[in-house]
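There are 2 protein chains.
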Amino acid sequence: MPLTWLAEGVFTSHQATLLLFSLALLLGTARLLGELARQFKMPSVLGEILAGIVLGPTLLGRLFPGPMEAMFPLSGNVFIGQQTLTLVSVTLLLLVAGLEVDLAVLLRQGKAMVLVSVMGMVLPFVLGFGGAWLAPEYLGLGEPALALPFALFMGIAMSITALPVIVKILLDLNLSKSDLGALILSAAMVNDLVGWIGFAMVLAMLPTVGAGLDATATPHGNLMLTIGLTLAFLGVMLTLGRWLAHRLLPVIQARLEWPGAVMVFIMVVAIGSAAFTEWLGVHSIFGAFIAGVALGDSRHLRQSTREHIHQFITNIFAPIFFASIGLRLNFAEAFDPVLVVLVLVVAVAGKLAGGYWGARWGGLEKRQSMAVGAGMVARGAMEIILGQLAYDAGLITEPLFVAIVIMALATSLISGPAIARLVHRHQRRKLSDLTSDRQYIPRLVAHGPRAAHNELAQAAERLTGLNAQTIAGAVWAREQIMRTGIGDMLAVPHARLDDLSKPCIVIGGSERGIDFDASDGQPARLICLLLSPTSDANAQIEMLDLIARTFQYEDVRRDAFASDTFIQLLAAIKLAESRQNEH
Amino acid sequence: MPLTWLAEGVFTSHQATLLLFSLALLLGTARLLGELARQFKMPSVLGEILAGIVLGPTLLGRLFPGPMEAMFPLSGNVFIGQQTLTLVSVTLLLLVAGLEVDLAVLLRQGKAMVLVSVMGMVLPFVLGFGGAWLAPEYLGLGEPALALPFALFMGIAMSITALPVIVKILLDLNLSKSDLGALILSAAMVNDLVGWIGFAMVLAMLPTVGAGLDATATPHGNLMLTIGLTLAFLGVMLTLGRWLAHRLLPVIQARLEWPGAVMVFIMVVAIGSAAFTEWLGVHSIFGAFIAGVALGDSRHLRQSTREHIHQFITNIFAPIFFASIGLRLNFAEAFDPVLVVLVLVVAVAGKLAGGYWGARWGGLEKRQSMAVGAGMVARGAMEIILGQLAYDAGLITEPLFVAIVIMALATSLISGPAIARLVHRHQRRKLSDLTSDRQYIPRLVAHGPRAAHNELAQAAERLTGLNAQTIAGAVWAREQIMRTGIGDMLAVPHARLDDLSKPCIVIGGSERGIDFDASDGQPARLICLLLSPTSDANAQIEMLDLIARTFQYEDVRRDAFASDTFIQLLAAIKLAESRQNEH
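Residue numbers (numbering that gives the first Met the number 0), protein chains in the order written: chain X, 0 to 582; chain D, 0 to 582.
Hints were generated in silico from the structure; no laboratory data involved. Treat each hint with caution, since some may be false.
Identical copies look the same in the list; a pair holds intra-copy or inter-copy alike.
Stated by the list, open to error - In silico DMTMM-like links for lysine to aspartate or glutamate, alpha-carbon gap of 20 Å or less:
#	residue 1	residue 2
1	K429	D544
2	K365	D436
3	K40	E256
4	K429	E256
5	K167	E256
From a predicted model like this one, the values you see are computed outputs, not experimental measurements.
Extracted from the complex, chain X is given alone in its bound form (with noise of 0.2 Å):
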């Protein structure tokens, strides 16, 4: 009995190996490409796409047909096995962007603000939808009688900024408390909400998204009544159900077990609210964002509930999606090269002349005018996002969806650059950049201070050149002013040289301490001398504050006294780092 009712649809083995093996090969090649795009300082996201065509129709696929096209198939059970983590995917996706949105701190914003994303949205949109609207076949409109959709979704296409890639270029240039930030974030925060609501109110113009025939239970083909229950959905869910989410928040962390309990709410109101809005017609992500928006405003809501939903999406579940892109999308054949060129040049002008006159308006000075216009330029996730559900839809044909991915990921390439350049602002230095294993010694043999200054300047000298023996009596005699034991077992013995043309670092570990005369008393068992060229009066003092804030943890300082290996003192800087990083 078993048997018959298991043929029916389950998986085979076969199946069950192609669909595991196929995601474990997704899942591993978009985070080594996106590792490596970090690695050239560019977002991950870029590495991921990047993996779906490789694995794709553009390349493995035209090597290895058949291998490559039995993992990743066009139809059949894999197939559909693929399509539901992709929908679970774009889906947690958009909760976890919906999540990063501020609703009190936009509230906070003023006049700057509103026109800032005003005219950040009115003018992409403009030039977006007149220029589909004058030659929509030009640009690639899949379907004649779809004129009018096809000119909104590219005027919205045109008007939305990327929420999470700003906010890790301000994070990265440390301008994310600032005003300027506060300013670019918001603005791109009610752009987002905006751009979104209208591109559902797109989608619901559509006949019937995704193609379905038996969608006869749903609202589909009455416009009206779609949009105005989009708008109530909307409206309930960021009044009622932001009040009643900030309610039973710590009713549920209370009375119920801590953390499962709270994910599982957050997880079952947005793939809830994403199946209503599916039902309606307007695609199941844009529920999964507003309800993120709807939750993400409690202060109820802990940190670290947050890193526990963020950390998982963001890592697993968006790869999954974004490598997906590629493998059924052939980027070299639907290339066109005056598309890509018109579609950026538009987005990019557009945001640009908005986000500066909005600012100029709104009274800041020229450079920050330019640096807000520069900052609302970068797409990315959402924008590639939108493309792909208009191109599922029926509304763009392959060539602008491939344009759309392109403007996307270029976008976020130079607004970071763009805005450092204007504000001055270069990135935020680490130490994990500044170290490297010929700059560590695991064991000292030194016992005492003056030792260890030679022991270490020994290395200092192979790094720089400069004369060991002047390195240490630099040191010494700053030593002799003011002891370098900073407590917390660590000391930072440092001095100003002439010939130097950058700081250096070396890092000496020492078991059983050595004593710098710390207020605490205790012996320093990591020992960090510091050069910085007499010429860069700020180095010596950054460096120092880089030191004191890296090992500022007790577990960092613990996992670093005991290092063998320069990898080992690595990971606990990186540790530290990863902490800095939170938002």
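Given chain X, work out where chain D should sit, using these hints.
Positioned in the frame of chain X, the structure of chain D alone reads:
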């Protein structure tokens, strides 16, 4: 073009709606019933399985056959989508189970552990195998040709234990760090490891697992080859794989993004191993489990990374799997009381006797040995997964599967209370169980200690029936001997009273703080009045320790100080308790 492409097999909007809605419904119901089970001090997996029974053919499917069959169908895209999520869920669940096995601890154990684990396996195995071999039709053999694998399966099913359940029971009883706890845990780990390896062999003996007809590319059918490859996989993973993981983890943590890269690494290894063992014909979960054992052993895998993986998988994926069991089974029809009792008796008797004699021969005294036996009795998640696989493979009938599920749940329920009774342990007291909203005054009016005593004593009068003046007098007398400010803005005024039947706590908040003469000079913002019976010598010290432990965390204190309602205070207390439960 995209429209025709999509029509091939992608989800229609209607199917996507059903898939998402059924997922939200399943997850929400599973959590709700799981929490309900916890309220009655039962394992939450009981409620999760019940959710499937409620939503499936046993209950709602019978009352509303139309909607329930549309939501949980037996074929079609929605069905395949749900099967995908179940497959991924059970694979990841076994990864987490594997991560909990600590090979290093196993190797340190002595003779008693070896005897307990061997006896605890051999006796139940003999009983299970013998019974199934002698009366296969009666027990419910699915396919007459499979008599040998069936008997082997029954032997293994009787001899495995439930690691996660045991961990939880020992934690609750505060026994997890004791010698007795370590003995039970290690023996259970060995049982699981051996049991799963044995089960993999049994699966390999089946002609074609999963009723697949296209399994030509796999080593199916060649039993020796499959078993050889399985053992080779096991050997390589637990030696070379383990060593490699230990080497790679620090490099990944140091060089790549943290914690994302490590999380993806673990997932890719686990899902890749799962695909490999599925290809071998021994089911994906075996590979995921062994990958977990190999990876979890490294001390380089940080606690917070484990937490992210653990929380998401046990809270989101595990309930999806457990609830899906009941969705396609009719528990009412397949319930055979004689079979249930038979399976239960054999399962309990075999483990109890085996564990007891093993412990006795290992040198433990009678009562302790009985506690070991009671610990080994607990089955749970693992048993159910085993049953599900055997049922899917056509090895056992529906009534036997139902009996195994019931046995797994029943043994999990009786094991904890039995151990507690045998070693005279009561459950660790929790502050959250000892407080209610009648015991909390968010804003004390008092400015000084004596007035605070009086206010809190008023509340204590209402709770205990004792006179408020008597209480305040006793507390004040104690206060004059020893000031009760314990620092960190906490004060614990206390007294022992003759007429009290059980301990009583009243907590008061003070926004400006009250000076209780703490050594750190800070005024107390949270004052916990603690009354205990003179007859119970330990109660006072135990409760003082409980309060100090609960409020040791800075964020918990901050939340507690900021509370306006009892729910908020309770949420803070629960946060502290959830940390103490972590392992």
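Each hint, compared with the structure:
1. Proximity of K429 to D544 under the C-alpha cut-off of 20 Å is restricted to the intra-copy arrangement: shortest distance 11 Å within a copy versus 42 Å between copies.
2. For a Cα distance limit of 20 Å, the shortest separation of K365 from D436 qualifies neither inside one copy, at 45 Å, nor across copies, at 58 Å.
3. Proximity of K40 and E256 under a CA criterion of 20 Å is satisfied inter-copy only: 12 Å between copies versus 41 Å inside one chain copy.
4. Taking CA atoms no more than 20 Å apart as the test, K429 paired with E256 passes between copies only; the shortest distance there is 14 Å, against 39 Å inside one copy.
5. In this assembly of identical chains, K167 and E256 lie within 20 Å of each other by CA distance solely across copies; the values are 14 Å between and 33 Å within a copy.
Of the numbered hints stated above, the single one contradicted by the structure is hint 2.
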